[in-house]
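2 protein chains.
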Amino acid sequence: MAKIAVLGHGVVGSGVVEVVHDNQQSILSRAGEAIEVKRILDLREFPGLSYSDRFTKDFSEIVGDPEISVVAEVMGGVHPAYEFSMQALRAGKSVVTSNKELVAQKGAELLAVAQENGVKYLFEASVGGGIPIIRPLHQCLAANELTEIVGILNGTTNFILTKMFKEGMEFGEALAEAQRLGYAERDPSADIEGGDACRKICILASLAFGKHVYPDQVETQGITKLTAADVAYAGSWGGVIKLIGRAKKREDGKLTATVGPAFIKSDSQLAGIEDVFNGILVRGNAIGDVVFYGRGAGKLPTASAVVADIIDAVKNPGPSKSLHWEDAAENQVADWREDQAAYYICLRAADNERARAAASGLFGEIQALSRDDKPDDEFAFVTVPLPESKILDGAARLAEQGMPALSMIRVLDC
Amino acid sequence: MAKIAVLGHGVVGSGVVEVVHDNQQSILSRAGEAIEVKRILDLREFPGLSYSDRFTKDFSEIVGDPEISVVAEVMGGVHPAYEFSMQALRAGKSVVTSNKELVAQKGAELLAVAQENGVKYLFEASVGGGIPIIRPLHQCLAANELTEIVGILNGTTNFILTKMFKEGMEFGEALAEAQRLGYAERDPSADIEGGDACRKICILASLAFGKHVYPDQVETQGITKLTAADVAYAGSWGGVIKLIGRAKKREDGKLTATVGPAFIKSDSQLAGIEDVFNGILVRGNAIGDVVFYGRGAGKLPTASAVVADIIDAVKNPGPSKSLHWEDAAENQVADWREDQAAYYICLRAADNERARAAASGLFGEIQALSRDDKPDDEFAFVTVPLPESKILDGAARLAEQGMPALSMIRVLDC
Chain A
1 MAKIAVLGHG VVGSGVVEVV HDNQQSILSR AGEAIEVKRI LDLREFPGLS
51 YSDRFTKDFS EIVGDPEISV VAEVMGGVHP AYEFSMQALR AGKSVVTSNK
101 ELVAQKGAEL LAVAQENGVK YLFEASVGGG IPIIRPLHQC LAANELTEIV
151 GILNGTTNFI LTKMFKEGME FGEALAEAQR LGYAERDPSA DIEGGDACRK
201 ICILASLAFG KHVYPDQVET QGITKLTAAD VAYAGSWGGV IKLIGRAKKR
251 EDGKLTATVG PAFIKSDSQL AGIEDVFNGI LVRGNAIGDV VFYGRGAGKL
301 PTASAVVADI IDAVKNPGPS KSLHWEDAAE NQVADWREDQ AAYYICLRAA
351 DNERARAAAS GLFGEIQALS RDDKPDDEFA FVTVPLPESK ILDGAARLAE
401 QGMPALSMIR VLDC
Chain B
1 MAKIAVLGHG VVGSGVVEVV HDNQQSILSR AGEAIEVKRI LDLREFPGLS
51 YSDRFTKDFS EIVGDPEISV VAEVMGGVHP AYEFSMQALR AGKSVVTSNK
101 ELVAQKGAEL LAVAQENGVK YLFEASVGGG IPIIRPLHQC LAANELTEIV
151 GILNGTTNFI LTKMFKEGME FGEALAEAQR LGYAERDPSA DIEGGDACRK
201 ICILASLAFG KHVYPDQVET QGITKLTAAD VAYAGSWGGV IKLIGRAKKR
251 EDGKLTATVG PAFIKSDSQL AGIEDVFNGI LVRGNAIGDV VFYGRGAGKL
301 PTASAVVADI IDAVKNPGPS KSLHWEDAAE NQVADWREDQ AAYYICLRAA
351 DNERARAAAS GLFGEIQALS RDDKPDDEFA FVTVPLPESK ILDGAARLAE
401 QGMPALSMIR VLDC
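Listed in order, the protein sequences are those of chains A and B.
Going by the numbering used here, the letters in the first sequence line up with residues 1 to 414, in that order.
Going by the numbering used here, the letters in the second sequence line up with residues 1 to 414, in that order.
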């Protein structure tokens, strides 16, 4: 009988307790022994549960308990989750987590401390909820040189974008709907400003390319400025708008990493991923494209990923041989402006023909777009792939000429 | 330096040699040591290769070589692959394979012999080519009680069905196109009769549900009888036809397993999987639906999955703790006729109104379908979900009344 502790009895934590309880038979057969939640750390009171007697407010009762071999940290946030995780690892307990913020900030350090102490630090649940992605990345795709990871990593924004696309809603209206349905929190900024997707692409990029990529190295835009007009232009172009997290290894070995809305064609592999689903496309030199798809969040999918990690830690108590990355190297992340990308640009321009001529002069061949009820003083187009710095310079020039960009969105091939 | 042998220098075998050679750096960093192909078994001659000196026609040179720790069996077919694999395992070498026929026939036995000899028998490449599915199934989804696996498991037939759907081709025409492009072999029967998909669903079902499911326990239909008319009716119903392999655990613990063409709605998760791609949907009680998607075949995707298994066997030389299943239990597979399914049925019926009345009398509520240029003596409809035995009985009754079924195809929700 393996004994574990759960730090935090929120949505995920209570889900972990529930999954461990409901799937005892399958867990026993796969872990080789039964698993019991011995302790739950939470500052709140939870009277009236069948397991109310297992709560504690004192972390030392967990870290000092030699019977507890695995700690599931599902509190979220960097502090005190970081301190608790470090103490547990140093006490020889494996730690499993769904805490993407902590892994994105401190992953390299926590992985190293786990290694030094002969235990595991696992975080399958930190990306893609219940979709297995971390383990396939470091194990099943081991024979590939990975070149690119592109994903729809945040379910809340994908729900909002689906509503905007399918029902023509404006952003605010779709956000309100997401909040009404419980898909967006009352303070939705981590989702809609792109921060959540940014943490996830950091974790995936660190693992895929072997060196820690920090959130402040990722150029991050949210979806708050998107308009129904942008969505309509995307439709007339033959595509949709998705919030895409992307990390790419360049020929020179450097990475670029961005999070932001993107035009993608309707027949691309990620275009059909709707509502709160997530999809992650992994490109390798031998494997080609593989897409992982499923519910990216939610109590039970996330909890089931945490419990799969608990089972792994119970069954294989030693350190992981392949789940690791090094600390960041200097200059490993290149300036995203050096990347090539096509762009959709929507200008305020009273004279459409003058705008077309100016844009063609700056960007070469462009494809003008239309939409229903297009105002006369609006001119939207898509460029060919160009260095992003050239796109930005061009837009600045157009603004100087009295044709400011209302929207600028990358066009991606994925 | 780990030394391995490759049995068979066909498409996959030569791909394995190529991937091991081209990805040395990434393999070294992930396996912890370099990997070298020391021996290649093939009865043919391969002069003029940079590694021509490594070929042998004598398996005893491999099984008797204590330096060789891992054998990649990529010959295909049950014999002599079975005998070679058994000898290698008994000699204390891990065996990795892409051989779905062998795993589907002898998996339980080979897994047991690997266990007894303290080594691994791995077969990630046997299903879904380069898509990681075997390892996620037994590891990442460990915390779930799996209830169902539904997949598009054969790229050749999916290419043919995509051509029939998108270009209105008849089956023979689409098959010829697939052969012209090298997607179908000159003898395509294993693909188009459903045998290949049958082996793959056997492997997935055995792993997911813990007991060996044999090919002859799976009700298997191919796509050779599909017509452009069936495809047109599927379109007018709002869906597509896919060749679906499916295994389901019933409430009473028994399984049902089938392979056959199926109507699925256009907005379902597998409908958008086109051309030679594969997609596998896994349903668990906690995780909900997860779909794995990618290139299901091809030299490099398959070879990369074989090499990932080689890396695993080199890095973790002991027996696997979670990759196993037991031999078949008596009565574990229920009669598929006991299953519930809706059906599409197309009748030869001069009097459409009589056919509608007769069908409604037998099946309850039906939805009549139409298509362009429908002949007057054809009546097609979709039933509600009913026990399959009742569908079969009803069709027999209609035939007795002079209205034989031209086509009968399951309607699935996936």
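No lab work stands behind these hints: they were computed from the structure.
There may be inaccurate statements among the hints.
Which copy is meant is left open, so a pair is good if it fits within one copy or across any two.
The calculated SDA-like cross-link candidates involving lysine to any residue, where the alpha carbons are at most 25 Å apart (straight line), are [as the list claims (entries may be wrong)]: (1) K315 with N285; (2) K57 with E330; (3) K106 with A396; (4) K254 with H21; (5) K249 with L392; (6) K106 with S407.
Structure-based check of each hint:
1. K315 with N285: Answer is between; shortest inter-copy Cα gap is 22 Å, intra-copy 32 Å.
2. K57 with E330: This pair counts as neither: shortest intra-copy Cα distance 41 Å, inter-copy 51 Å.
3. K106 with A396: Classified as neither; 38 Å inside a copy, 67 Å across copies.
4. K254 with H21: For K254 and H21, the Cα distance is within 25 Å only across copies (23 Å; inside one copy 46 Å).
5. K249 with L392: Result: close within a single copy only, 22 Å intra versus 56 Å inter.
6. K106 with S407: neither (35 Å within a copy, 60 Å between copies)
In summary, the structure is inconsistent with hints 2, 3 and 6 from the numbered list given earlier, while agreeing with the others.
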